[in-house]
Amino acid sequence: MLMFALRRILVSIPVLIGITLILFIMLNVVPGDPVALMMKEHASAEVIARVRAQMHLDDPMITRYFSFLWNAVQGDLGNSIKLNRPVTDLILKAFPNTLMLAVCAALVSWIIGIPAGILSAVRRDSLLDRFFMGFSLLGVSMPIFWSALLLQYVFAMKLKLLPVSGFYGWKYMILPAIVLGWSSAGVIARLTRSSLLEVMRHDYIRTARAKGLRETGVISRHALKNALIPVVTIMAIQVASLLSGAVITEAIFSIPGVGRITVNAISSRDMPLLQGAVLFATALVILGNLVADILYAVLDPRIREQMKKAS
Amino acid sequence: MTHSPDIAAPAPEAIEEASFLRDTLRAFRKNRMAMVGLVFVTVLVLAAAFAPWISPHDPYRVALDEQLLPSSTTYWLGTDNFGRDVLTRILYGARVSLVVGIVPSLISLSIGTVLGILSGYLGGKTDFAIMRLADMMIAFPSLLLAMVVMYTLGANLLNIFLALALVGWASVARVVRSQTLALREKEFIEAARANGTKRGVIMFRHIFPNVIPTLIVLFSLSIPEAIMWESSLSFLGVGVQPPGASWGLLVAKGKEYMFQAPAVAIAPGIAILLTVLAFNFIGDGLRDALDPSMKD
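Residue numbers (UniProt numbering), protein chains in the order written: chain W, 1 to 311; chain H, 1 to 296.
Chain W on its own, in the form it takes in the complex:
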């Protein structure tokens, strides 16, 4: 088991390095002088030359990439051009807000998605099942920015129950968490449903029923344990979609998180900040996938046995 985890971690490292390379290439092929573009007409040629030298923009691309990689390994992602502060500091300061948003949203998606999925599977093809599955399709098909606006309009502007936007306490977290969680609740509900349906076909479920167990007992004590394994691992993979969603949610609700840093970095053409924020988010996704793989092996003895045989 430990060997498996270690090997999985080792495999992630080249992926992460490859990602730094792809990101570096994408951000450094910008046509035109990035410094001149950022400073627009306010800067003289002298200032531009000085900033270029500071950013080592005149060095060859390869040298720049390796120094970027070397610094990144040590936790130094360079300085933000616009804010003139270390990118790492800016991201670490914003990250707790994004983390809180993501955790609240994930909770919302589980609280809605898992019970809805279970009920749908138990009452398969009933009106309830159709209602939940239709609802989940609606959740997936609704753009986050639009459902955010609707909720803002109804709960903040019309009913005045909750604040419109900003970030000054738990009340400010309710709408963003619902908006972001709602969008992935549908995925969780569908997965829970299909996974439970799959498990219900097994012989041991028939045995449990034959024993005279009540249906609720069969489901809660026997079926759910196995059915929820893929759901648990999907939660770790959810990181990617929550991060993409957080970019939009944070922009609408003015939450000072990593997503908003990214949007601001683009509008102020702050390349080091953008590079750092995207690298940070992608590293989180890789971490999420890693956790998912390991969790899967921990939770499912069958996978664990396969791992033992393979290694």
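No wet-lab data here; the hints were simulated from the structure.
Glycine included, each C-beta is placed from N, C-alpha and C at the ideal position.
Heads up, some of the hints might be wrong.
[To be verified] Output of the computed footprint for chain H on chain W, the stretches with three or more beta carbons under 8 angstroms from beta carbons of chain H:
#1 7 to 18
#2 96 to 106
#3 140 to 153
Since the structure of chain W is provided, determine the placement of chain H on it from the hints.
Relative to the frame of chain W, chain H by itself:
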């Protein structure tokens, strides 16, 4: 004169193909939601194509004395902050969304198919290289990756195509690869190999046709995704630029006037929701019709 029987009767594989197509169509037609989706999309395509003839209004004409009007018989959904008809703007926005749904999906599908077949059939180092590249692309959160591309190349429609194609190809390649791996072991491929058929011919004449049903499903499901990403990019200001009319952009601009005229922001959002739903219904219907094993 004797009639050669194979002139009159179609080749056996032609019959099989025709009945496969017929079965698929029949299964698809039986799916009520899929048919509703198809009708909606057809109407939308026609409306977008004939927008100038359908709407009496100019989507770009600024009329400052007619700002944020409520809905009326002249302006069905009212007007925006520049006095432009909201419904007309939505109709023109449909052009952007439909094109953005289809073009990048075609690009990413083509790239993903070629790389997926190469990866699955050739195996070895080629497989390793392509799959590791795909792993990396999939690790990027899609929206951030698309935003980086837009930052680098600049915000315009062509670059949206590129950004979304870059986001989408990797997952296509993975699916096609796993199908190719399964097909490679089938007898007819083995027979072709034993015949001395060239690798390229096997890959694209024998394996490719068998992946097409999956590709159709992937295509129909990637359209709503692309529409969603485009609207998100445009909403964040890194997609279609004003005065262009993209649904995401319309919501973004309309949100400033939520109090005075909520319809300006809400109506284009409903357009996105309905279109994405319709394509999802079609995709689900196609999947169930083409490959029942993918259901649930």
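Now for the hints, and whether the structure bears them out:
Check result for the region 7 to 18 of chain W against chain H: holds, 3 residues qualifying (beta carbon to beta carbon below 8 angstroms, three or more required). Look at the region 96 to 106 of chain W against chain H: 0 of its residues bring a Cβ nearer than 8 angstroms to a Cβ of that chain, fewer than three, so the hint is violated. Counting residues of the region 140 to 153 of chain W whose beta-carbon sits less than 8 angstroms from any beta-carbon of chain H gives 11, enough to reach three: the coverage restraint holds.
Violation of the numbered hints given earlier is confined to hint 2; every other hint is satisfied by the structure.
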